[in-house]
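Asks: Here's the letter readout for the chains.
2 protein chains.
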Amino acid sequence: MTDTTIDQVDAIARAAKDAFAVTSRTHERTRADWLRRAADAIDADAEGLIALAADETALPASPRLAGELARTTAQLRLFAKVVEEGSYLEATIDHPDATATPPIPDLRRVLRPLGPVAVFAASNFPFAFSVAGGDTASALAVGCPVVVKAHPGHPETSRRMAGVVSAALAEAGAPAGVFALIEGFDAGLALVDHPAIRAVGFTGSVRGGRALLDRAAARPDPIPFYGELGSLNPVVITPAADAARGGALAEGLAGSFQLGAGQFCTKPGVVLVPEGSAVEAALPGLLAPQGRLLTPSIAEGFAAGADRVSGTPGVEVVAGDAAPGGTASRIAAVSAADLVAHADELLEEVFGPFTLLVRYRDDAERDAVLGAFDGNLTATLHHEASEDVTDLVTRLEGIAGRVLFAGWPTGVAVSWAQHHGGPWPSTNAQFTSVGATAVRRFQRPVAYQDAPEALLPDALRESNPLGIPRRVDGVLVLP
Amino acid sequence: MTDTTIDQVDAIARAAKDAFAVTSRTHERTRADWLRRAADAIDADAEGLIALAADETALPASPRLAGELARTTAQLRLFAKVVEEGSYLEATIDHPDATATPPIPDLRRVLRPLGPVAVFAASNFPFAFSVAGGDTASALAVGCPVVVKAHPGHPETSRRMAGVVSAALAEAGAPAGVFALIEGFDAGLALVDHPAIRAVGFTGSVRGGRALLDRAAARPDPIPFYGELGSLNPVVITPAADAARGGALAEGLAGSFQLGAGQFCTKPGVVLVPEGSAVEAALPGLLAPQGRLLTPSIAEGFAAGADRVSGTPGVEVVAGDAAPGGTASRIAAVSAADLVAHADELLEEVFGPFTLLVRYRDDAERDAVLGAFDGNLTATLHHEASEDVTDLVTRLEGIAGRVLFAGWPTGVAVSWAQHHGGPWPSTNAQFTSVGATAVRRFQRPVAYQDAPEALLPDALRESNPLGIPRRVDGVLVLP
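If you read the protein sequences in the order shown, they are chains A and B.
Just so it is clear: in the first sequence, position 72 is 72 by my numbering, and no numbers are missing.
Just so it is clear: in the second sequence, position 171 is 171 by my numbering, and no numbers are missing.
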């Protein structure tokens, strides 16, 4: 363990600020090139990176880590496309209109980079939500230097990845200071406090995220904090779906909640099933053996959480190892009434291979359970076409950022329409940490009034030299 | 004074939540109609509203308040257009792609309304930033019920306006609870704390805004707070501009900083002029007599602020009444060196008819002064085409959300490209409170994965029944 000192954090943050003077003026094509070069360099070192990560996290090298690495480089390349496409600049031009109330001068608005960004890496995705993950990629994409706080669960992987990214960026001509890695708890706090840092991206627990969010909000100049925190990812299985395909649903659920040893932010943690469901009956035979969890503290947290839920009045263990302190897969069940009565204890995320079935007898009980939820990253519905689920979908949409049908929430595509975020406590902002629109977190609008053409950013010049979509006098115009 | 009780606030916030179940499912055309009907009703009662506001605020009925009322109804009508145009939904469709890394399911993303919004009205715009102002209009536009906390500076105007808006919305068929007015300091705090409230819009002082921001952030479920707070709105006059048109610039400055008795959030509060400038020489003859300020506490704050700045070492009063405690217009001046030495005292907004000239001798002094600024709503440059101001514009862009050329910052157009926001403390978020994009503050993304067509919102159905611009498989498609 080599914690970064506070003085080093200061020097790194100042260097990031200096780099911002350069990165904030780079051409879109230049930054797209940086992202692609970083992706190529990561791919070139894939074997070494995956071996290190497998050793440090206990996640299987293949397909788990190999897939995650491929996802990570695909993500960098998607953001390169986003930058080149140019809509992310939200370029908007109003020509003068003296007849408007009040009169409109020549006004041109564009999104500019916010400044150096602090990124707190996650434990459970040593590549995709870590040193070169989505937060880093989306911040670099828009011209923000990045300082990553490594997760202590995979320090060697983090250092190797930082070396690969730093070298690739330097070779691509990016300025010194555009990217750096720090390590250590106190160094992370100093980073959030540093005046040069203009935003924070975080993936982790509600407790840790809340502490950093409060810290960012308490600065003399509060800065935006984008936390991807805890989520229960409720799944609703209707009586008709249970009757039609209970066995297949049980298999799907067993696969999803145990994937990666249940260490996904989108793990289905609470599943609403009809009383006496075929799903519940089929589950006991479907549990897989589990290896060690990511870190000793995650293993302790899992055991404590699974025991806490299992020991709550009305809860029974229906499958898996119920021995206190165990780390094997476990499924518990509770009635809708008991869930509602003990919502505070039962509706708290248990990170690891555990899920809670909630047995409901009718729509009213089901809706009462859903009413007890706070926000989630996802909500999933398994129903049959014969059922009217309009109101149910509205309820699910109210408590989640992504609503899935006939699927399982683990597995988050990286695409233009993806949204990985939801009401508190799953996130604390109306933004995503995955997908094309993640860049908006690190941009701020600037309007230019009556600016001479030569002083306008390229995106706003009359001739549209970037060839990007723009809104002109209220009308969207394609290049 | 009839303060709303805490019980009443609770009932009002609950009613807003109930209304949200309806407003969140309304058709775009329906909400556009609500906004236009409210605008028509306000126009129909213009005479009475203006008379009340003139009496309560001491602002002149014409052109000041008549213009503000026209601006307010134009704003409601602009948001009706924004809703109908549909880009504000950011509708995005990714069709399935099994070849992507990782594979992409059918994913469709749209922005949905956040929930009931609390709006804290401003003192200085009894119409445009008050009961039926931009925050209210943009929240209603996207389907969020609104509870307005009236500003105590114009209670009768607020009540009358609330009556007009409530009646118009009810006649248009909007649900009960969609709009309400509350009064009183404690009622406002209770509103920010209320679980049903999902966001806060605020226009006012840094101190008041910071207190509410901290309160919103400290909730068990933190909610977004959008504050439009304090701004110095720096103006830079170059030597060439001063030489070419110092007299005209002095007239422009005198008009801008005294407009509405200096009670604009965009008042030019600090003006960088070359040492020995023609602007400074011409100012003393240009001061206008001032009437009473908006409220007794604003008058006290103005006198205290103007006296504080005037009494800071190195500062001299160059025009206007320097008598302690006065409310007449005043212009002070200070050297660049003294400004930098006493930045904490001098770079604090004085709300009212006061501005501070900062005399600089060269570019280095000018840049040192700009380096002492925090964030601002605006920054203005007066230069001549013969001067290279590229670096200077970069500096201004770094400390402001709107950069103006050859103009004055008072007067904020309501349009698609407007941005009224800037780095802390002028605002605390990367959003605007004026212009089309103000709606984004009150929306959250939701993605639907593999949803049956019939369960999708209209905006995301394959046939595009709303006829709106959408991004399909990464490509922007016009209707």
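Quick caveat, the hints were computed from the structure, so don't treat them as lab data.
The structure displayed is predicted, hence computed values, not measured ones.
Check before you lean on any hint, since a few could be wrong.
[To be verified] Example chain A residues on the side facing chain B (calculated, C-beta under 10 Å, incomplete):
no.	residue
1	R14
2	G204
3	R207
4	G208
5	L286
6	L287
7	G435
8	S463
9	G467
[What the hints assert, rightly or not] Taking lysine to aspartate or glutamate and the DMTMM-like style, the derived pairs with C-alpha atoms no more than 20 Å apart in a straight line are:
no.	chain 1	residue 1	chain 2	residue 2
10	B	K17	A	D97
11	A	K17	B	D193
12	B	K17	B	D193
[What the hints assert, rightly or not] Here are the computed distance ranges between Cβ atoms for each label pair:
no.	chain 1	residue 1	chain 2	residue 2	range
13	A	G67	B	A385	24 to 34 Å
14	B	L478	A	A337	33 to 43 Å
15	A	T390	B	D473	19 to 29 Å
16	B	L478	A	G314	18 to 28 Å
The beta-carbon is built from N, C-alpha and C at its ideal position, and this holds for glycine as well.
Asks: What are the numbers of the hints the structure violates, in ascending order?
Replies: As far as the earlier hints go, 1, 2, 3, 4, 5, 6, 8, 9, 10, 11, 13, 14 and 16 are violated by this structure, in ascending order.
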